[in-house]
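Per the numbering used here, the very first residue in the sequence shown carries number 1; after that it's consecutive.
A hint or two may mislead.
[To be verified] Ranges between beta-carbon positions, derived for each pair:
#1 V127 x A176: 12 to 20 Å
#2 I165 x L41: 41 to 49 Å
#3 T161 x D199: 42 to 50 Å
#4 F44 x I165: 39 to 47 Å
#5 Q97 x D199: 24 to 32 Å
#6 F22 x W62: 40 to 48 Å
#7 V45 x S21: 31 to 39 Å
#8 K38 x G261: 18 to 26 Å
Source of the hints: derived by calculation from the structure; they are not laboratory data. We treat Cβ as the ideally placed atom computed from N, Cα and C, and that holds for glycine.
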Amino acid sequence: MANSSGPDTPQPGVPTLRAVSFDHLKQALSRGWSDLRKAPLFAFVFAGTYVLCGWLMAWITWWTGQSYWLVFAAIGFPLIAPFFAVGLYDVSRRIEQGRPLDWPEILSVIIRQSKRQLPSISAIIIVVFLFWFFVAHMIFALFMGLSTMTNVSSSLEVYFTADGITMLTVGTVVGAIFASVLYMITVLSLPLLLDREVDFVTAMITSFQYVQAHPVVMFAWAGFIAVLTFVSMLPGFVGLFLSLPLLGHATWHLYDMLAYGTKA
Numbered sequence: 001m002a003n004s005s006g007p008d009t010p011q012p013g014v015p016t017l018r019a020v021s022f023d024h025l026k027q028a029l030s031r032g033w034s035d036l037r038k039a040p041l042f043a044f045v046f047a048g049t050y051v052l053c054g055w056l057m058a059w060i061t062w063w064t065g066q067s068y069w070l071v072f073a074a075i076g077f078p079l080i081a082p083f084f085a086v087g088l089y090d091v092s093r094r095i096e097q098g099r100p101l102d103w104p105e106i107l108s109v110i111i112r113q114s115k116r117q118l119p120s121i122s123a124i125i126i127v128v129f130l131f132w133f134f135v136a137h138m139i140f141a142l143f144m145g146l147s148t149m150t151n152v153s154s155s156l157e158v159y160f161t162a163d164g165i166t167m168l169t170v171g172t173v174v175g176a177i178f179a180s181v182l183y184m185i186t187v188l189s190l191p192l193l194l195d196r197e198v199d200f201v202t203a204m205i206t207s208f209q210y211v212q213a214h215p216v217v218m219f220a221w222a223g224f225i226a227v228l229t230f231v232s233m234l235p236g237f238v239g240l241f242l243s244l245p246l247l248g249h250a251t252w253h254l255y256d257m258l259a260y261g262t263k264a
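Make a model of the complete structure from these sequences and hints.
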């Protein structure tokens with residue numbers, strides 16, 4: 001069990017991580033679902049705040065007709081998402097340790113993370129996102145630069161031209177690379193930063209190297225996260241009320257099993 005020497009006192013150094021298996025993923029999801037059922041209010045508040053921000057940005061973009069508001073979303077979501085994740089991790093940790101789910105204590109854990117390494121890794125995520133946006137605009141300009149700039153919602157046919165299809169293909173490949181890098185540096189580093197006293201660079205390198213060493217299972221997990229998140233976003237982001245806390249709780253349990261070998 002994580003942090004066996006003290007409930008909220010991070011131990012120094014990176015734990016020895018065990019090899020991951022598909023059974024670990026199954027157990028992580030099962031435990032995540034159990035935590036979601038035991039603490040639905042925490043799931044609703046953390047996920048609801050995130051979804052509300054998404055609704056707000058989508059509404060402002062639609063109301064103003066200006067897509068630059070999405071840039072604020074690209075900056076804001078990576079900034080706050082790790083803190084919401086830490087909140088869900090701490091809920092799972094408390095359930096596992098049999099400790100009370102106290103709002104002030106859980107919020108204090110999140111606040112303490114703001115004074116440790118979490119803001120630094122949030123900044124790295126923002127930099128990657130912004131560079132991703134820049135590259136996406138470059139790809140669009142490269143293949144569609146001579147096309148008439150029109151509203152995407154009213155001129156989808158432009159994407160079915162030869163240049164449009166090529167642009168979508170290249171953009172998808174490049175986007176998948178950026179998404180893979182973000183996944184590799186965060187999938188284990190975020191719970192690791194909550195659990196241990198390590199710097200964010202060490203946490204990211206540890207996460208990246210672990211995924212690199214176990215690509216089949218870990219990228220299968222990434223694929224599951226991507227599909228579930230995409231499906232959850234289709235009905236106006238409503239599905240994220242369920243998928244975000246489920247994945248948050250499950251991520252903590254996956255890390256906990258790999259770091260401490262806890263069994264179902």
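Taking the hints in turn, this is what the structure says about them:
As the Cβ distance of V127 to A176 is approximately 19 Å, the hint placing it in 12 to 20 Å holds. Separation of I165 from L41 is about 46 Å and conforms to the stated range, judged on CB atoms against 41 to 49 Å. Restraint check, T161 to D199: a C-beta distance of roughly 48 Å satisfies the suggested window 42 to 50 Å. Between F44 and I165 the Cβ separation comes to about 41 Å, which falls inside the hinted range of 39 to 47 Å.
Look at Q97 against D199: about 26 Å separates their beta carbons, and that is inside 24 to 32 Å. Taking the beta carbon of each, F22 and W62 are about 41 Å apart, inside 40 to 48 Å as hinted. Our hint of 31 to 39 Å for V45 and S21 holds, since their Cβ atoms are close to 33 Å apart. Roughly 23 Å separates the CB atoms of K38 and G261, a value that falls within the hinted 18 to 26 Å.
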